[in-house]
Amino acid sequence: MTVILFTAIILLGSYFAGLLGSLTGLGGGFIIIPLLTLVLHVDIHYAIGASIVSVIATSSGAAAAYVKEGITNIRLGMFLEIATTIGAFTGAVLAVYVPPSYIAIIFGAILITSAIMSLREKVDHIVTRQTNFAKRLKLGGTFPDQGKTISYGVTHVAGGFFMMIFAGLISGLLGIGSGALKVVAMDNVMRIPFKVSTTTSNFMIGVTAAASAVVYIQRGYIHPGIVMPVVVGVLLGALSGSKILVQSTSSGWLRWLFASIITIIAFQMIYNGFAGKI
Amino acid sequence: MALQEKSKGFKDADMQSVIGWILRGGVIVSMTVVVIGGVLFLWHHGHSTPDFGTFNKIPYFISSPEGIFAGVIHGRGQAIIQLGIIILIATPILRVIFAVIAFALEKDRLYALISLIVLFIILASMLTGRIG
Numbered sequence: 000m001t002v003i004l005f006t007a008i009i010l011l012g013s014y015f016a017g018l019l020g021s022l023t024g025l026g027g028g029f030i031i032i033p034l035l036t037l038v039l040h041v042d043i044h045y046a047i048g049a050s051i052v053s054v055i056a057t058s059s060g061a062a063a064a065y066v067k068e069g070i071t072n073i074r075l076g077m078f079l080e081i082a083t084t085i086g087a088f089t090g091a092v093l094a095v096y097v098p099p100s101y102i103a104i105i106f107g108a109i110l111i112t113s114a115i116m117s118l119r120e121k122v123d124h125i126v127t128r129q130t131n132f133a134k135r136l137k138l139g140g141t142f143p144d145q146g147k148t149i150s151y152g153v154t155h156v157a158g159g160f161f162m163m164i165f166a167g168l169i170s171g172l173l174g175i176g177s178g179a180l181k182v183v184a185m186d187n188v189m190r191i192p193f194k195v196s197t198t199t200s201n202f203m204i205g206v207t208a209a210a211s212a213v214v215y216i217q218r219g220y221i222h223p224g225i226v227m228p229v230v231v232g233v234l235l236g237a238l239s240g241s242k243i244l245v246q247s248t249s250s251g252w253l254r255w256l257f258a259s260i261i262t263i264i265a266f267q268m269i270y271n272g273f274a275g276k277i
Numbered sequence: 000m001a002l003q004e005k006s007k008g009f010k011d012a013d014m015q016s017v018i019g020w021i022l023r024g025g026v027i028v029s030m031t032v033v034v035i036g037g038v039l040f041l042w043h044h045g046h047s048t049p050d051f052g053t054f055n056k057i058p059y060f061i062s063s064p065e066g067i068f069a070g071v072i073h074g075r076g077q078a079i080i081q082l083g084i085i086i087l088i089a090t091p092i093l094r095v096i097f098a099v100i101a102f103a104l105e106k107d108r109l110y111a112l113i114s115l116i117v118l119f120i121i122l123a124s125m126l127t128g129r130i131g
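Order-wise, the sequence lines are chains P and F. Residue 117 in numbering that gives the first Met the number 0 sits at position 118 of the first sequence, and the numbers go up by one each step. Residue 17 in numbering that gives the first Met the number 0 sits at position 18 of the second sequence, and the numbers go up by one each step.
If you're looking for bench data, these hints aren't it; they were derived computationally from the structure. The reader is advised that the hints may include incorrect statements.
[Unchecked claim] Stretches of chain F that chain P covers, calculated by requiring three or more beta carbons in the stretch to come under 8 Å of a beta carbon on chain P: (1) 14-28; (2) 43-52; (3) 62-75; (4) 90-101; (5) 112-121.
[What the hints assert, rightly or not] The calculated lysine-lysine pairs, modelled on PhoX-like cross-linking and capped at a C-alpha distance of 25 Å, are: (6) F/10 to F/106; (7) F/56 to P/276; (8) P/147 to P/134; (9) P/147 to P/67; (10) F/10 to P/121; (11) P/242 to P/276; (12) F/10 to P/134; (13) F/56 to P/194; (14) F/10 to P/147; (15) P/134 to P/194; (16) F/106 to P/137; (17) P/67 to P/276; (18) F/10 to P/137; (19) P/67 to F/56; (20) P/194 to P/242; (21) F/106 to P/134.
[To be verified] Between beta-carbon pairs, the in silico distance windows are: (22) F/50 to P/262: 52 to 58 Å; (23) F/127 to P/0: 36 to 42 Å; (24) P/127 to F/122: 36 to 42 Å; (25) P/145 to F/115: 35 to 41 Å; (26) F/60 to P/118: 27 to 33 Å; (27) P/97 to F/97: 30 to 36 Å; (28) P/131 to F/66: 48 to 54 Å; (29) F/122 to P/123: 45 to 51 Å.
This one's a predicted model, so the numbers in the text were calculated from it and none came from an experiment. Ideal placement from N, C-alpha and C gives every residue a C-beta, glycine not left out.
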């Protein structure tokens, strides 16, 4: 295989990874790492490096739009970034010591968990009262919804904070955005409205990924020959995905289809991890 | 914007538009640089055989800032791609630096401090990156 062909295959695969990641809301990293390792037999360290760079590109691109609309809660995001960056830094350092086969197994497990969570019915919370701690940190806010301004409060700050350390750790260890875990921390623990939690999670993903990318780049995980087609492909795919979402909301069977594909990929990663092929 | 409280609205809205601008600009600039480097890289090395099956770090000439700088000057594709990647990684970090300044301007000391803590964690990550 020549470099041109290799680049073309990764570019095409990354485009679909970005598209699928955007449609499912799971992010491109979930597909890109299995594609590179299982299909193209790229070493997992390079795959993780390429994935984290594509995560920064897609989250920054999307966050730029959300922030301007005034939905993202910047204070909440900045506060929780303390947790996610500590986690990401720890995870990136741990990645050096954890054997690649273990990383593949953990990756599969997180992938299955996220696929299940993407299928659950989403319950929107709006808390009007908030704890003293949340009040002192000015975590509550408002967001525009169909011409109206909706205000909300935040609860269980400490619990959400610890969950965010874990989300950051997984992000740094596996090279993914771990947006699903961030949304759980904000939706289920801190009781933040869905619209705010998804956009604020996206806002935080870029900074979280940057905290581990600065470690990866010095360790030689970020190889220009692989990152170039991955980041361009994923970004273009995510752009296409965001256009589709505007036109049609993903129906039930489509979500099941995506979840099934992702579960199959997850089992492949776990199997190859146990077999020592990764 | 009507959705903000009047007392703090103006500056928070300002901050939102600048952050949006930083993120969008960073992505556009970095992707342009990556694509330019990619075209040069494929032009020169397109017909060689890729070898990423075993982890062997990255080519020596792009493993230091000086090396990347020299490579960019000499128009080497991989060095230019790496520069683009560094600009992309710097984008969210720049957004945190801006948040420190913006919260300080809003006289929100608590959040200027919180943003500063995030910045220090990233710096610590950067400085200890080679260890281990």
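Structure-based check of each hint:
1. 14-28: With 10 residues in contact (Cβ-Cβ under 8 Å with chain P), the coverage given for the region 14-28 of chain F holds.
2. 43-52: holds (count 8)
3. 62-75: With 1 residues in contact (Cβ-Cβ under 8 Å with chain P), the coverage given for the region 62-75 of chain F is violated.
4. 90-101: holds (count 6)
5. 112-121: holds (count 6)
6. F/10 to F/106: Judged against 25 Å, a Cα distance of about 11 Å means the pair holds.
7. F/56 to P/276: Measuring from Cα to Cα gives roughly 20 Å; hence the hint holds.
8. P/147 to P/134: Between residue 147 of chain P and residue 134 of chain P the Cα gap is close to 23 Å, so the pair holds against 25 Å.
9. P/147 to P/67: holds, 17 Å
10. F/10 to P/121: violated, 33 Å
11. P/242 to P/276: violated, 38 Å
12. F/10 to P/134: holds, 20 Å
13. F/56 to P/194: Violated, because 40 Å separates the two Cα atoms, which is more than 25 Å.
14. F/10 to P/147: Holds, at roughly 21 Å.
15. P/134 to P/194: holds, 21 Å
16. F/106 to P/137: Answer holds: residue 106 of chain F to residue 137 of chain P is near 14 Å, not above 25 Å.
17. P/67 to P/276: violated, 45 Å
18. F/10 to P/137: With a Cα-Cα distance of about 16 Å, the restraint between residue 10 of chain F and residue 137 of chain P holds, given a limit of 25 Å.
19. P/67 to F/56: violated, 39 Å
20. P/194 to P/242: Holds - the C-alpha atoms of residue 242 of chain P and residue 194 of chain P are around 18 Å apart, at most 25 Å.
21. F/106 to P/134: Holds, because 18 Å separates the two Cα atoms, which is no more than 25 Å.
22. F/50 to P/262: 52 to 58 Å: About 32 Å separates the Cβ atoms of residue 50 of chain F and residue 262 of chain P, which means 52 to 58 Å is violated.
23. F/127 to P/0: 36 to 42 Å: holds, 37 Å
24. P/127 to F/122: 36 to 42 Å: holds, 39 Å
25. P/145 to F/115: 35 to 41 Å: Holds - the Cβ-Cβ distance for residue 145 of chain P and residue 115 of chain F, about 37 Å, lies within 35 to 41 Å.
26. F/60 to P/118: 27 to 33 Å: violated, 47 Å
27. P/97 to F/97: 30 to 36 Å: holds, 34 Å
28. P/131 to F/66: 48 to 54 Å: Given about 53 Å between the Cβ atoms, the range holds.
29. F/122 to P/123: 45 to 51 Å: violated, 38 Å
The earlier numbered hints that this structure contradicts are 3, 10, 11, 13, 17, 19, 22, 26, 29.
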